[in-house]
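J.: I would like the entire structure built from these sequences, with the hints used as guidance.
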Amino acid sequence: QQQVKQSPQSLIVQKGGISIINCAYENTAFDYFPWYQQFPGKGPALLIAIRPDVSEKKEGRFTISFNKSAKQFSLHIMDSQPGDSATYFCAASKYGGATNKLIFGTGTLLAVQP
Amino acid sequence: NAGVMQNPRHLVRRRGQEARLRCSPMKGHSHVYWYRQLPEEGLKFMVYLQKENIIDESGMPKERFSAEFPKEGPSILRIQQVVRGDSAAYFCASSPPVGGQGNSYEQYFGPGTRLTVT
Numbered sequence: 001q002q003q004v005k006q007s008p009q010s011l012i013v014q015k016g017g018i019s020i021i022n023c024a025y026e027n028t029a030f031d032y033f034p035w036y037q038q039f040p041g042k043g044p045a046l047l048i049a050i051r052p053d054v055s056e057k058k059e060g061r062f063t064i065s066f067n068k069s070a071k072q073f074s075l076h077i078m079d080s081q082p083g084d085s086a087t088y089f090c091a092a093s094k095y096g097g098a099t100n101k102l103i104f105g106t107g108t109l110l111a112v113q114p
Numbered sequence: 115n116a117g118v119m120q121n122p123r124h125l126v127r128r129r130g131q132e133a134r135l136r137c138s139p140m141k142g143h144s145h146v147y148w149y150r151q152l153p154e155e156g157l158k159f160m161v162y163l164q165k166e167n168i169i170d171e172s173g174m175p176k177e178r179f180s181a182e183f184p185k186e187g188p189s190i191l192r193i194q195q196v197v198r199g200d201s202a203a204y205f206c207a208s209s210p211p212v213g214g215q216g217n218s219y220e221q222y223f224g225p226g227t228r229l230t231v232t
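Protein chains in written order, with this note's numbering: chain A, 1 to 114; chain B, 115 to 232.
Simulated from the structure, these hints should not be mistaken for lab results.
If you want a taste of the chain A side facing chain B, the calculated C-beta under 7 Å gives, among others:
| no. | residue |
| --- | --- |
| 1 | TYR32 |
| 2 | GLY43 |
| 3 | PRO44 |
| 4 | TYR95 |
| 5 | THR99 |
| 6 | ASN100 |
| 7 | LYS101 |
| 8 | PHE104 |
| 9 | THR106 |
| 10 | GLY107 |
Covered by chain B, according to a simulated footprint, are these stretches of chain A (three or more residues, beta-carbon under 8 Å):
| no. | stretch |
| --- | --- |
| 11 | 33-42 |
| 12 | 45-57 |
25 Å max Cα-Cα, derived DSS-like pairs, lysine-lysine:
| no. | chain 1 | residue 1 | chain 2 | residue 2 |
| --- | --- | --- | --- | --- |
| 13 | B | LYS141 | A | LYS42 |
| 14 | A | LYS42 | B | LYS158 |
| 15 | B | LYS176 | A | LYS94 |
Keep in mind it's a predicted model, so treat the numbers as computed, not measured. A virtual CB, placed ideally from N, CA and C, is assigned to each residue, including glycine.
T.: This is the structure in C-alpha cells:
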C-alpha cells in the first residue's frame, strides 16, 4: 500500500515534442505529490508538486495532471528540449502525519533528441 | 541562501570500516531526511529527524546504521562495519518547520554522498 508505480522506465522524445510520465499510488492517505528531476551525479531537484484539492497545476512547460478517483498523476513536459534529458521521479507523502517521508517511484530516464 | 550541503561527496571505505556522512540543512530548515539510492533504482526513505529527535526510522536497517541531528552541527548518518551492499548514493533532504518560511512539506535535496565499499 506504500508503493508508487511509475512508467515508462525510459522515454525518447523528439525536440519540441511532449513528454508524458505516469504514476499510480495505492495509499489514499497520500496528499502531496511532487516530481523531482535528477541529472547524473546530482541530487534530485524539486520540479513541481500538487495537492489533491486541484486536478492540474502548470508551471512553465511543466504540468501535473491529477486524477484522485483513479489514484493517478502524470507529468507533462511541453516543447521538450535536450536540456530536459534527465531522470524524473514521482513521489507521494502523507503530510502532517507522524512522518513526511516521501515514497518514490522507480524513475523515468528521459532522452530528448535534437 | 546556500542549499543543502553534504560531505564528503565521495567516500571510499574497506569492508568492516565505519562510514560517517554529514548533512547541513538549508538555512531555516529544522527537518532532515536521509534517503538511499542504489544503482539504477529510485530513492528509498531511511530516517526523518528533527533537532535532537528521531521522528521516523522505519526505513533504517536494524543493525549497523544510526542517525543523529544534534542541537548544534550537522546531521550525521553513521554506518558501522560497512559491507559491499552498502555501496550507494546517500541523499539528505531538508524542509522548514511548520509555520516557518516556505512549505513544510517541500523537501530539498543535497548533492549526495557516493559511498563505495571495496
